[in-house]
Amino acid sequence: MSDASTLDVINQFLATKGIYSLVLILLFLGLYGMIVSNNYMKKMMAMNVMQVAVIFFYLCFAQKEGGMIPILNGITTDPNLYINPLPHALMLTAIVVSLGTTGVAIALLMRIKETYGSVEEDDVLRRADK
Amino acid sequence: MSQHFPVLIVLLPLTAALLSPFFSLMHKQAGKWIAIAALFGAFLCSAGLLLQVTADGGQTIHYWMGNWMPPLGIEFVVDPINAVIVTMITFVALCTAIYSTPFLKKSNWLYMGGYYTLMALLCVGLSGMTLTGDVFNLYVYLEIASLSGYGLIALGGNKGTLAAFRYLLIGTIGASLYLLAIGFMYSMTGSLNMADLSVLLQDKMDSPLIIMALALLIAAFGIKMALFPFHGWQPDSYTYSHPGAAPLISGAMSKVPAYAMLRFFFYLFGAQHLFVQHGLTVIGILGAIGIILGSVMAIAQDDFRRMLAYSSVAQIGYIAVGLAIGSLYGLIGAILHIVNHAFMKGSLFMVIGGVQYRFGEVRISKLGQIGKKMPFTVFTLCVAALGMIGIPPTGGFFSKWYIMLGAMQTQQYIYVAVLVLSSLLNAVYFFRVLENVFINPDPGLKEINPPAGKLELPLQMLIPIIVFGIGILALGFCNEAIVDGIIKLGLPEVFLR
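Sequences listed follow chains F and U, in order. Counting with the numbering used here, you get residues 1 to 130 for the letters of the first sequence. Counting with the numbering used here, you get residues 1 to 497 for the letters of the second sequence.
Extracted from the complex, chain U is given alone in its bound form (with noise of 0.2 Å):
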């Protein structure tokens, strides 16, 4: 049974996904429940699989597809690192799908099922993306977390219809690129899997072909990923996307592809090639850039969500920094910062939905005095905000130090001046949302949705807000566990620097 973890992180929330709308017709909670078994079932295998692979110093798992042997065949491969980002993802996932039963209360059997469709299904192409060792394999789990990551961002409302459009127009855009690259690889090597891949192309990395799909792979990877010129479609998709699936959309779904380019340009190419090298400056270079541009940016909105939305193209760079740098310390930062924006950003866009759900408000220039109504929620909010900004004990401290310790150690002193002016600019946006909800007089909300008892919003919303935001705290304190007992276990042979 254990040996089938892989495929079954990806099976199960399939399974649930497909039945999901049947099960709805019978019963309306049914195909809710079968989908949130899924995924339930889903984060114990990725946990399993954690603890797997972290056991005995760090290994890595190959799970063959139907036993057909790689490079013929295709692979899972679930190093500490993947399985890390895997347990994050479906963790989110069933958080997210807990937290959203209260949304879909009026809603038919077919929205119903339909959504918790949707929502298996991004869970599916989410950690197929992660977990595969194959290029193809890759390209098709990134489609299919593109479409219902389209459709959950259209059930959002007439203008989510319009983001998701935009949107799918400018994903598709990467998608071909991603497969434009692919294809230039396949034609100089004649294979798909990840691990053949990487010993065949050592010794053509010098060529054109490779240039021009290591330009593709950024480009690529930079739309799906936000990164900072390519980020247009992401404000508005954050912002009208169904208020019960933003917290998977916006902790999960960009990181994947920042996770992807890590995989390809310090596990398939290497890190110690100089083209390889150069695309990594110029994706520090973007993200540093994006870094400072969505600070700005999100302390010109009102709306809190495409606050949110601003401050996660500036969080997606410090992702692409820590990549740039690309020394130990500056990877660690990377992916503990995965795993933290991940916590942190899902965190606030449930707080954003809970307080939508009970007062239909989301102008942050009208959050006074909520916390006296919901404290709980107030409390994850405040803790999410100290992790944006970087403050101990919070996780976000952890990964902006890891980055910056790399910088310092490099000597790229210009990541370092990015980095601090960006926490002050964080600490400005994210102080200001403080300054509202705790100083401003009451701006008399009216209670769309009034709690039926002595808590502020349903179970079902409360209690995964307050899991991520005891988690945001615990990824601070237990940094040390994680980093040298998982991450530093799967880290790639080769640095950068």
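Only chain F is shown next, with the shape it has when bound in the complex (with noise of 0.2 Å):
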């Protein structure tokens, strides 16, 4: 296989599957750190970390080249011009969930860093089990 091949392959990749690739990475990476990490707050940092890969995801796939912002600007009324502004809309409230997931449980953090002193789970657990 020449060079010339090899390149267009790892193109193509990188322009269909590129963005989805690094989007799958960043939510591996987000379970992998809640699942190894022990101090909790790292592991919700993690979780964070996961919420916003699949935000990623559906931003990528509502991305189009060429696209206009979705407003009636009097131009054109083709539906092929403009992006999809609905998975945006969604994300939206997946943002405003995840900020309320996260709120929950800085809360919860904050009582147990009170009630156990530390935020380390073994720690909490031997703590727990007393």
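These aren't lab readings, by the way, just hints derived from the structure by calculation. Glycine residues also receive a C-beta, built at the ideal position from the N, C-alpha and C atoms. It is possible that some hints are incorrect.
Derived DSSO-like pairs: lysine-lysine, alpha-carbon spacing no greater than 27 Å straight-line [said to hold, decoys possible]:
{"#": "1", "chain 1": "U", "residue 1": "K159", "chain 2": "F", "residue 2": "K113"}
{"#": "2", "chain 1": "U", "residue 1": "K446", "chain 2": "U", "residue 2": "K372"}
{"#": "3", "chain 1": "U", "residue 1": "K446", "chain 2": "F", "residue 2": "K130"}
{"#": "4", "chain 1": "U", "residue 1": "K366", "chain 2": "F", "residue 2": "K64"}
{"#": "5", "chain 1": "U", "residue 1": "K106", "chain 2": "U", "residue 2": "K28"}
{"#": "6", "chain 1": "U", "residue 1": "K159", "chain 2": "U", "residue 2": "K454"}
{"#": "7", "chain 1": "U", "residue 1": "K454", "chain 2": "F", "residue 2": "K130"}
{"#": "8", "chain 1": "F", "residue 1": "K113", "chain 2": "F", "residue 2": "K130"}
{"#": "9", "chain 1": "U", "residue 1": "K159", "chain 2": "F", "residue 2": "K130"}
{"#": "10", "chain 1": "F", "residue 1": "K113", "chain 2": "U", "residue 2": "K366"}
{"#": "11", "chain 1": "F", "residue 1": "K64", "chain 2": "F", "residue 2": "K130"}
{"#": "12", "chain 1": "U", "residue 1": "K106", "chain 2": "U", "residue 2": "K373"}
{"#": "13", "chain 1": "U", "residue 1": "K105", "chain 2": "U", "residue 2": "K488"}
{"#": "14", "chain 1": "U", "residue 1": "K28", "chain 2": "U", "residue 2": "K373"}
{"#": "15", "chain 1": "U", "residue 1": "K159", "chain 2": "F", "residue 2": "K42"}
{"#": "16", "chain 1": "U", "residue 1": "K106", "chain 2": "U", "residue 2": "K446"}
{"#": "17", "chain 1": "U", "residue 1": "K366", "chain 2": "U", "residue 2": "K488"}
{"#": "18", "chain 1": "U", "residue 1": "K446", "chain 2": "F", "residue 2": "K17"}
{"#": "19", "chain 1": "U", "residue 1": "K454", "chain 2": "U", "residue 2": "K366"}
{"#": "20", "chain 1": "U", "residue 1": "K372", "chain 2": "U", "residue 2": "K488"}
Label-pair ranges, simulated between beta-carbon atoms [what the hints assert, rightly or not]:
{"#": "21", "chain 1": "F", "residue 1": "A15", "chain 2": "U", "residue 2": "D484", "range": "22 to 30 Å"}
{"#": "22", "chain 1": "U", "residue 1": "G57", "chain 2": "F", "residue 2": "T93", "range": "33 to 41 Å"}
{"#": "23", "chain 1": "U", "residue 1": "S107", "chain 2": "F", "residue 2": "G18", "range": "39 to 47 Å"}
{"#": "24", "chain 1": "U", "residue 1": "S365", "chain 2": "F", "residue 2": "L22", "range": "53 to 61 Å"}
{"#": "25", "chain 1": "U", "residue 1": "G270", "chain 2": "F", "residue 2": "A15", "range": "33 to 41 Å"}
Two independent chains are provided; combine them into the complex using the hints.
Structure, rendered in structure tokens:
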């Protein structure tokens, strides 16, 4: 295989699936962080990374080359020229939900810190078993 | 008025949830009563809806939000099956709200208002999940139910906070996976409406994206309904949740994702597709493992609530097996078991909550001769325990019977063996409780909240307990009416086998 065709394959991959593989890596990075980290705060931040990965996924497939912002500007009403606004609107909701989840998580974490004096998982579990 | 019943079921508790803290600030009892009144209104609406959809041989009501036509707008779809499930949810929520009042006697206005806000929001989330005909709307209701559930679990004390936080981490993974799954479906079809999706997806069912979406849906709903490998959050959450809210959390919260799973697999995708069948087989195997594992773990527990939590893992397994069998009787059994189990598990948590309220004791070994002090509570305990084991005429017998009938007819004898074995294991751990209650000597428990009059518990707790006890028997006696008159009217057109 010549260098040029390898480059073509890579280019082709990056152009079609590159962004999705990055999103996938981000998703699994979040999941991995939630599984391996011992600190509850870090777990929660990894959870946020995972949620952001899902949001990126929606924004990626909503992308369109040469698309216009979806407002009625009097020039055209052809739907092919507009970017689909629905995924963005959905993700606005998902961001709000993620904000709410983070808020509840931090409130619970403050309580855990008050009660057990630590947010490290093994410390907390040891003290909870007493 | 009656055409607005679907939205009122969600709207009334939502309004009450937002108003409850302010009314509590004005008068401590007001927030409580507004929440209970709203839940009662929601129950009446759902009962009215049930009558509407079961009239004239079953019909489906479509409610368009703001009169926006689907697939552009959000619609609520009410068929006989989700009408009966939403009636169950609102009834359990109403009874739980009344039942939990004595636990909050000594609390301040903020706790009181906040508690009833969370309770009403949980009811909103669960009924919305059941009624909605829009996949993204289901995600929003799922998160409403989950977030209020985390709050109610955290109210149970220090260990409850820890359990809630751990559940939050796992539950958020579930919700994110669900969002990813509907992202795949949306990117293929450009629609979020369930009825629309089911039409658009029919010729795309062998695409790898759909396989991925199916796997993600199994994981997402598996986490939310505590199917076997995803059940790690459940024992702690059920054990340490607020004792007043435990009946709703244990009774309804894990059943609704099971119903959503049924809806996705049998109504949205359709069971005639190969990958859906494979997905259902996976669910069935996981459910069967969960049945055995949950029952065995339940035998080992001394904390009554933890035993019930592990038994929930097993009972969710029954529903999963019912879905996996996928024949007429399998599905009837699964749906009937969703309703039955909500009543049985709810009543058992009400019973142990009552004992905890009066004596501050939850260990099975300390329950000796409790029947002499609390006869009505022990009546419900016996009925619910017999229902869990599956002894006629309680409701639990009939749902297990239908599932077993389905397994027999489709020659899946491994499920029959699992169901029989698990009934025996159920008998082991529930007869251990009954033995402790009736035979063991009185351990001399100290009364924390001695009864004021002749009644064993405050009236607000006693009435829901007795109603649930009678309800389990009634579900058993009326099972034919429920199956023929309600469930059979709304079953999917295509079965697995």
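Against which earlier hints does the structure fall short, listed by number upward?
-> Numbers 4, 6, 7, 10, 11, 13, 14, 17, 18, 20, 21, 23 - these are the hints that the structure violates, sorted from lowest upward.
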